[in-house]
Every structure is written in structure tokens, then in C-alpha cells.
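Q: Listed below, chain by chain, are the residues.
2 protein chains.
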Amino acid sequence: METFGEFEFIEFIKKRFPVSHNFMGIGDDCAIISQGGEDLLFSTDFLVEGVHFLKTVSSAEDVGWKAAAVNLSDIAAMGGTPIATFLSIALPESAQGDWAKRFIEGFVEISRLFDVPLLGGDTTSSLRDIAVNVGILGQCPSGKGITRNNAKIGETIYVTGNLGDSAGGLYSVLKGIDKTVDVETLINRHKRPVPRISEGKTLMMSGKVGAMMDISDGIASDLKHIMKASGVGAVVEIDKLPYSKELISVSIEYGWDRCKLAVGGGEDFELLFTAPEDFDKQIDIPIYPIGKIVCGKELIWTIDNKPVDLNFTGYKHF
Amino acid sequence: METFGEFEFIEFIKKRFPVSHNFMGIGDDCAIISQGGEDLLFSTDFLVEGVHFLKTVSSAEDVGWKAAAVNLSDIAAMGGTPIATFLSIALPESAQGDWAKRFIEGFVEISRLFDVPLLGGDTTSSLRDIAVNVGILGQCPSGKGITRNNAKIGETIYVTGNLGDSAGGLYSVLKGIDKTVDVETLINRHKRPVPRISEGKTLMMSGKVGAMMDISDGIASDLKHIMKASGVGAVVEIDKLPYSKELISVSIEYGWDRCKLAVGGGEDFELLFTAPEDFDKQIDIPIYPIGKIVCGKELIWTIDNKPVDLNFTGYKHF
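If you read the protein sequences in the order shown, they are chains A and B. Counting from 1, position 110 in the first sequence corresponds to residue 110 in the numbering used here; the numbering is continuous, with no gaps. Counting from 1, position 160 in the second sequence corresponds to residue 160 in the numbering used here; the numbering is continuous, with no gaps.
Pulled out of the complex, with its shape left as it was, chain A reads as follows (with noise of 0.2 Å):
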């Protein structure tokens, strides 16, 4: 039997599913659905035991969260506002008792942080693994939500912050590396990443946004979509990624290449877009310029202005 790789499979979606005028549909951080003067925004996101976490790493509590908070980032990326969540999970007999409950409660924590009601959803059994899907209904003023395939030439291309901190916290935990104080803030940022809501809302606003997402798999393969749906080329300046004095300190301390994390570690969760050059000194929350969009299809990396050759992929499912 022929197997095939996930954006494969994707397409493959896609081409039997032709979209109609009124609908932006596969192949963005959400779907978009004109309804009289406002777009609804929907997105849902996958997460198996095993494949996106694990007992012996996040707790239950952790696993709530991060399940709330990938789908508010895919709302943030959009630059809309998030409406309810819905919640589906399969439990196997294991989980039906304490671990559910936690995981419900982390799940309450970050949905009051963003006063965002869940709605609705599914519970069932599983036999084996847990396998929790949320769904999100957001919303954007019509038209504006900012989609991937909007990037032009001559935009510079930013990030909303640091980026490393997750794949550092998740590599020290597999590691089993001692738990200073640097190292736990790695790990919660990997455990307890925060969606861009108001930075998505504030970016969508001003107007000067062309593409944007948000990072989950790492730049080396979140830019490609953007570069992909919109037509165009990029070059990245490795020696601007924006990195957290923890992944610094941590990255001397145990020699690891903090690039490496940056680049294709993913679950970053901040915002990557393209904007005006000297958009950084008309806007009002941290953003970080990180290169340049240009012609071609290249996704070109530099240091010192001089190309160099990475080998860095981002994260693919299958």
C-alpha cells in the first residue's frame, strides 16, 4: 500500500473539495466564513498521546491548556477574536477519572484567561491512547482577517518574540537536565505556551500586515506555507532570530545549537508575518524583524548577509 506524506494528504483534501466565493477553506491557520458584516473564523487541532504529548512530560492540567491554546493561537493568527471552543476527547479507562478532571481544569484556566466559553463536544472512550480535538469559532471584522497568502516583495518579515523556548523546555525534559530556574521557564513555555491574541488583534488592525500565521512547526517550514500561498521567496538573517536569555544561558551551559531550536523546533506560538520595513517603529507591541520577502521561491538563510546552508526542516506530522 502507498503511503503519502501529510501536506500530500492535504491536498489531496483539497482538490475534492473546491471552495466556493463565500469561503477561504484548507490551507490556513483557519477557515473563514463570510456571514452578513463580520467572518467567522474556524479552526480545530489534533492532539494524540503519544504524537503531541506525553503522560511522563505534561500533566493533565498542562495538556488542557496547551489544547486550548493551540487553537487560540490559530485564531491570533488570523487576528481575530475568539468566540467558544469544543472540546472532544476519547479516554481510555485509564484517564476516565483523575486525569480527566485535571485535564479539564487547565483547560478552565487559560479558556477565563481569555474569557472564552467552551460550548460543546464529544466525550468517548478510546482503548489504548488519549486523543483530545478542539475546535474554535472566532470571529474578524469582514474581510480583514489576514490570511498566508498575502505576502509581497520587498516586506520585511517579523516575529511577535523569542523563539526556541518550547523545543529548548521539551529537550531538556527528555534529557533529564537539572531544573534551575532557566530551565523551568524553557519548560513552562513549552508546557504553557500563550497564544497572541491581543498582539494578532493589534497586528490585524493597523492595516499593514500582508501575511501571517503562527509558528508551530518552526520557521523552516511555517515560512514555506506563507512563501508557498503567496508566490514568493525569503531570506531569513539567522543572526537577528530573537532568542530568550534562558535559551541563551541554558544553550551555553549544555553546548546545544540554539539556531537548530529556533529554526525547526516549533510550538513557539508567536506570531510570524510581513509587514513594511520600519513597521517595528510605527507599532506598539515587540516584534522583531527576521528578514525579507522576495522574488523567486527560495527560502534562502544568511548570516552576516552572506547565504548559508541549513538543514533544518520544521516538524510533519507523517
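Wrong hints could be hidden among the right ones.
Put simply, identical chains are the same to the list, so a pair is met inside one copy or across any two.
Capping the alpha-carbon separation at 20 Å, the derived lysine to any residue pairs in SDA-like fashion look like this [what the hints assert, rightly or not]:
| id | residue 1 | residue 2 |
| --- | --- | --- |
| 1 | Lys224 | Thr123 |
| 2 | Lys175 | Cys259 |
| 3 | Lys224 | Lys260 |
| 4 | Lys224 | Lys297 |
| 5 | Lys175 | Trp256 |
| 6 | Lys55 | Ser125 |
| 7 | Lys14 | Phe114 |
| 8 | Lys15 | Asp98 |
| 9 | Lys15 | Gly97 |
| 10 | Lys224 | Cys295 |
| 11 | Lys101 | Phe12 |
| 12 | Lys144 | Gln35 |
| 13 | Lys55 | Asp129 |
| 14 | Lys15 | Glu109 |
Source of the hints: derived by calculation from the structure; they are not laboratory data. Fair warning: this is a prediction, and the values are worked out from it, not measured in the lab.
Starting from the known structure of chain A, arrange chain B on it as the hints suggest.
A: Relative to the frame of chain A, chain B by itself:
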């Protein structure tokens, strides 16, 4: 570790998410979200291999069909119109080729029948089991969606079609009985349920329906949801339950109790609703009276107007 039942878990979640007046949340077939002049409906259903389907019973196309059908049925249960679906799918390596593509073909088939686009989703790998979550967005005129909590004492209980076919079909496959034309019809009702979208809309538009839901777990279980939500009791006349000629014939041949299949089997995806006594004479679609809404909170089964003891309960996931 203390475990708990599915419905107890849902109650736990409801308490942690008190719902504001703009929303109708957990506990009905769909969530209702008021947006301007229309109400949005949202529902989601999880199908897990080994729990909801067996690869030995259902083809990939059948699973694709059913994954969409059960969600469309939730929209039908409110009297709504489907707008779009969202598909999350977790695939173990063995299903990442042929199975996945055939799944999509079944999903496409029913989506075209009801003219509903697939607008987004999530694809991921899983370690062992296939897991599929479909979300569906629908709409209905503001305030017109039919919920479970409005059954009134004195109303008649109706269903839109024959009961027990799906359970009979599953039973036929599991028992490996000869596939006569009648048996094939039952199996097809199990594998390819047809959601009652147009019937649901007709019932909603009539303005006469009290409470409504779709039959997914069997009327013994499903009717109790309406009773509990509405604070009423019910009497079901077992001798009035409608059966297909195929189920009658196969049941007689193999000595099955068709009443048990009708009451406890589930997955018929007919609509179960309450309306005035002579409503079946006022409406143009076939509907079948099966009982009455009464005072109290008991579900009483009768034959020839005499109470009988039925120990059939519907399906609970854990």
C-alpha cells in the same frame, strides 16, 4: 483512581463552564451561538477505531460517510441547515495511504449529496488507532433551533422513521449471517445512515415541535435526555414502534427481539421529537407517534396500555 461515567464527566465540565445568555452550551445536539439575525449551530463527533467502527465491518468509504453523517444529523436535530464541516484525522502508518484516500471519497460522497463544503481541519499521525473528529457549523433562523429542553406535558412523542435497522445491520455483520437482500439493507442502514436534514427543517418551520434530538444511542437512552432537560416523564407504547419490513423479516428468521434492537440499539439517526397530538395529520412528511410526554420523571414502557418492565438501556461510552 476513581473513574466516572460519560454523563457524569459531561456534568462536571458543564459546572466548570457556566454559560452566558448569548449561548446555548453543553447538553444539546448543537451549541447555539446568536450572531445578528441568525443563530449559528455547532456540533462535533468523535469516531475512534475499535469503539465506533471496526475496519472488519466498515470500509474506509463507509467510515468517511458516517463521520459526516452523524454530524449532519446533529444539525438536523435542531432543524438547522449545514454550512460547512471540519475534519480532524489521526492516522497510524498503516492507514496513511489507500485507507485515508478512500475515507475521503466516502466523506466527499455524502458532502455532495447535502451540498456541504469541507472547510478545514487537522491531519496527524497516531501510534495505533485511527481517530476521526468532525466538526460541523450550521445555521437556523434566530431563536428557532429546536432544543431538548422544551417537551411539554401532553405532547405526543414521534420518530421520523423505522427503528432498529442499524442495530440489526451491525448484529448481522458481527454474527456473520448470510447476506440476503434484506440483510444487506439493514447493513447499509448501519454503514450509511442518512441524516434527516430536510425533515428537521420541515419540523422546525412548522413551529409546532417542542423538543427534538436525533437517535444515536437508542430511544431508551435518548428519550431520557429530553425528559431530563425538559423536566418531564414519558410513556412509550412499545407496540407502536415502527419497524422496516426487512428488520421484521430478518428478526423472525433468526429469532431476534426486534424491540430490543429498536429501543437499545441506537445509530438509527432518525429524529425523535415532541409535538401536538394530531401533528402527524398536519405535516407532509411521514412521522410515527410512539408515546406521550407525562408528568413526573419516569420513562414508562407499555404494551396494550399496560406497563411492562424493560431492562434495555442505550449505549454509554464509559
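Q: Can you name, in rising order, the numbers of the hints this structure does not satisfy?
A: As far as the earlier hints go, not one is violated by this structure.
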